[in-house]
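**Student:** Chains A and B supply the protein sequences, listed in that same order. Under the working numbering, think of the first position of the first sequence as 1, with each following residue one higher. Under the working numbering, think of the first position of the second sequence as 1010, with each following residue one higher.
Please keep in mind that the hints were generated in silico from the structure rather than gathered at the bench. One should not assume that every hint holds.
Unchecked claim - Computed cross-link-like contacts, EDC-like style, restricted to lysine to aspartate or glutamate with a CA-CA straight-line distance of at most 20 Å:
no. : chain 1 : residue 1 : chain 2 : residue 2
1   : A       : K993      : B       : E1034
2   : B       : K1040     : A       : D1008
3   : B       : K1044     : B       : D1032
4   : A       : K753      : A       : D769
5   : B       : K1044     : A       : D987
6   : A       : K773      : A       : D823
7   : B       : K1082     : A       : E994
8   : B       : K1069     : A       : D1008
9   : A       : K753      : A       : E851
10  : B       : K1112     : B       : E1028
11  : B       : K1111     : B       : D1072
12  : B       : K1075     : B       : E1023
13  : A       : K753      : A       : E852
14  : A       : K323      : A       : E426
15  : A       : K675      : A       : D611
16  : B       : K1111     : B       : D1074
17  : B       : K1117     : B       : D1048
18  : B       : K1040     : A       : D987
19  : A       : K993      : B       : D1072
20  : B       : K1111     : B       : E1028
21  : B       : K1121     : A       : E994
22  : A       : K1007     : B       : D1101
23  : B       : K1113     : B       : D1074
24  : A       : K755      : A       : D847
25  : B       : K1117     : A       : E994
26  : A       : K993      : B       : E1028
27  : A       : K675      : A       : E751
28  : B       : K1121     : A       : D987
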Amino acid sequence: MDEFPDPEDEFELLHAQEMEAMREMEEFDVEEASRQAALIPPSFKRSLNFTSPTPPSRTTTSSPSSRTTTSSEPSNTTNGPPLSHTTTSQGTLLNDGGMSDNGVERQTQLGGTVTGGRKRPPPEDDGFEEALDILDQDDFATHRKKRSRPLVPMLGLSTLLGGQKSQDEQDEEDMLLIQRITELRNSLSKTEQHNIHHLDLQGISTALVNRVAPVAPHIHRHIPSSGDFQAVTTDTGRRFYLGRLEEDEWDARVAAVGARMGASTHLAVGGSYLQLKAQVEREQIRRDAQLAKRIRDEEDSGMESGVEEETEERESLWVEKFKPQHYLDLLSDESTNRMVLHWLKLWDKLVFGVDKKPKKQEKKKKDFQKDKFNKFGKKFGPEVIEELDDQNRPMQKVLLLAGPPGLGKTTLAHVLGRHAGYHTLEINASNDRSPEAFRTALETAATMRSVLGPSPRPNCLVMDEIDGAPAPSINLLVNMLTGKDMGRATKKGSKKKEATVLHRPVICICNDLYTPALRPLRQIALVVQFPPTHTARLAQRLLEITRKRDLRADLSVLMALCNKTENDIRSCLSVLQFVRSSRREVRLEDVMGAAVGQKDHQRSLFNMWSDIFSIPRQKKIRRNPLQEPLADVSDGTLPPMPDLNGDLSKVGEDTALSYRVQRILSTTHHAPFDKLTQGWFHNYLNIKTASLDNISRGLDWASFTDIQLAEVGHSQSWSLMAYLPYACVSYHLLFASHQWYKIQFPTQMNEIKQKQTKMENLITAMVNDMSPKTRAHLNPPSPSRMTCDLLPFLLHIIQPNLRPVNTQLYSKQERADLNALIDTMLAYNLTYTQERDQNGQYSFTLDPNIEEVVQFPNMKSERQLSYPMRQLISREVELERVRRAEARFTSTENETSTTSKDKRNPPSSKPQNEVAATANNPKSPLPNHLQKLQAKPFSKPGNVQGAVKKVVDGEIVQAPRDFFGRVIENPVNHQVKSTNNEIVKSDIWFRFKEGYSNAVRRTIRMKDL
Amino acid sequence: MQIPIKISNDGSEEWMMLELQGDLESRTQTKMSNKFIGDLHFTKQGVPVLIIGHHILYGKVMDMDKPFVIMNKIQTDTCMEVPESDTNEELDVLYNIKAVVKKKLIFKNRPKPIIASSVKNV
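The task is simple: from the sequences and hints, build the whole structure.
**Tutor:** Written as structure tokens, this is what we have:
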């Protein structure tokens, strides 16, 4: 409505208008127009008026309005074609497309006026219309004064005709009139019913047009002789004087027009405003009704509480709606809550700078006061931002909440975070898993705080489902928590060198605490295992909710629901909301029929084991008789008790065997049977009441299970699995008791498996290291054969009775025994090695420790060699090994080379060497430095210090020992080594003496010479 | 007491004295008499170089403060045979000057080892 055309458009329009005006001037025929108008029935006229494409762009006419005057200028003051042309030109303005159509329209309008009795078309109607349109503008107030003027002269004629009123009064009345019209328009626009609005505007304009029609000759070129006038200057510089019209006259005319047009226009006489208002109200009512109807429809599809509630409910789940808002609302275990809160409060010193004292007091205060206090403390407490000592942070830098889903871990974190005065910032670690995302979140949490919002609180980061995050992210978190993180060192280099340390509490939430990735986090975290919510407490809360939501529910039903969902608050509420959506009462069947807590819920192995080992109590059975579904009976292979298919609740009434059997069957229906049996095997001996007979039968069943599983695994015949639950049933029947036993996780399987692998490796290694001669007799050297047939006896054989004395003192027989022992040990590549046990004691153990393989753990072997004996044997073995290796080496050496024979000869060939050495010397006629350096064997000095060499008739040569029994290094070796230096040739050598020669003076007498 | 000293027949030679800072030892612990000790050379600059075994020693030539004389003590057989004639005792002992020592070669620096086997080993 308010869009002005572009300057070019305007220009075009202007020209079009003028051209149109010219054409109209030639063509226009009043008679024709009046005839045409007469043909058109009033209703059509009205419809024309209503639908006429007088678009919002009408305001553009504000500038043409003056131009109309200019264009009509030649025709001057009186009526006639020119004025009518202005109207047509106006029409072209209004509708660019159809000029001629508009022309027709205008003519019809004019015709309407003609029918009113006057022959001449109304010249000023357009001007008036424009004025109204201008008024319609938003800023009409500024325009009003200026633009309202043209109104007056249009009506000026009547003023002239009948005006006795004073001009001041006229002015006032005019203004009043204008005001009324604008008022009316405003009220219309307020209704926001644009259709009607436009129509009404149209109506107004047409009405006015019609009315104003006869007022043509009130534009004067000169100052009018009588009456009020308004001077108008056109853009060509001409000046016109417009007369004024009196109010009464105006009213009268309006009334006349109204009467003439009938009640067709909305802007009728005085009551027009009321009419419009009524119409607006009607429209409003209609819309309201529509809205109401829509809402009602929605309601019908959903639940039927009040309108607002319903809409709200559509947005939020009950889980959200009834989320605990305060600490006192929390359903979870009180001690857990307190622990978490306490940990959060430990951060106060760092985060809020609050001392310990007020914190304690505040803890005892009530909830609301506490919150207030917190705010207070936060606002005015010193905000310590610079680096703080680590002691200001709690020792456990992070809180790790662990527990099954739906217990309210996240809720707890949020409520407590809020409660302790933090702004909880949640990131879902399984969604934002990358280390970068972690870092961003952590840094955001640590450094930023919400500036906006009612109360800027420090952040408390809640990382949900952190067990879904990969290990690098967790490591990053740990590093940041412990202050080891170096920031993005690669990116920013020196700028971020200082470690980023978190100064805000971080709460991590996970379902599975023992995810490998969480291990580093667990070590630094305060781990809070979430205990399951009490069934009674949860049921009570559910009851409250159902009451609030106008849902009839029995406490027992709710308890059953809680049991079924394993106290999962979320699924409880979901079930309730679901039921509530259809009706107003929760019945047991609803609960039992709901597929909640069964589909994706997996009974833990511990639950299964405890089911197996315990006889259900009467009370429990009564409460949840239907808890166990009967699905497994549908297995065709089961030869079940058919009566169970019937009334299970009846079955459940008594603790009959049938019920128990059924229960175990259902529990272990899809269980991993291997684990289950392992668990049973691990724990069954702890059952005190088990008789030996039962144990034997249970073991029979266990072996049955084993055979079945082996077969299943081997032949992939999974149908055999169907029989396995019965083994569980028999375990239950044989071992169940009312007592409660702590059930341990079966670890034996793994341990034994590991041990077996170790032993097998050991035996394999031993076989590989054996001397080939021995190995030849062990064909094939299977581990089991070794273990059962060979090693136990070998262990006895290598531990003979030997006197624990020096071997020098052995008799010949003992020596022979020792030699045989050494021989045997070497054959099997056994030796003793010194080890240090955990007490710091040294002991000699067999090197391939076949003792471990052969003996049961924790059982002392009947005979053990003493420490010195083992030491002795090990030494002997070592020596013998060296000796053999040397013998082998020399034998090969003898065969291959004769030149180097002398050098490598054992010391027994000493005389030869000496001869060679002495023979070497005189044989050197050349001076030393000219001699070719030749290898020269060096003879061992005859008197080696205390070497005790003993050549027994056998091969055994006792190595020389010192006082402590240590083997003395063979001096021969040393000498041989030094003589290997081939430079040394001459017998005489020079020993330099340090010092000054003139420092020592010795008198030598002639006679001493 | 009178000691007859007589210059040897072939005239007195000039010997040089070797002064070593250190000992000469035998590896075989045998007597060193009549054994080859080492080689003595002089460089073009006149620096004496002594090679003993695998040691090489650099020394210098020095004038002695007092020259030494090398003498042979000769006991005539006649004297021995006639013990009672105490008067003739001194006549029986005769010193024969073999050489005069006016300079000495002094080796007082630490000997340097000769390592020749490295090439061979490699």
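**Student:** Of all the hints numbered above, which does this structure not satisfy? Sort the numbers upward.
**Tutor:** Those not satisfied are hints 4, 7, 8, 19.
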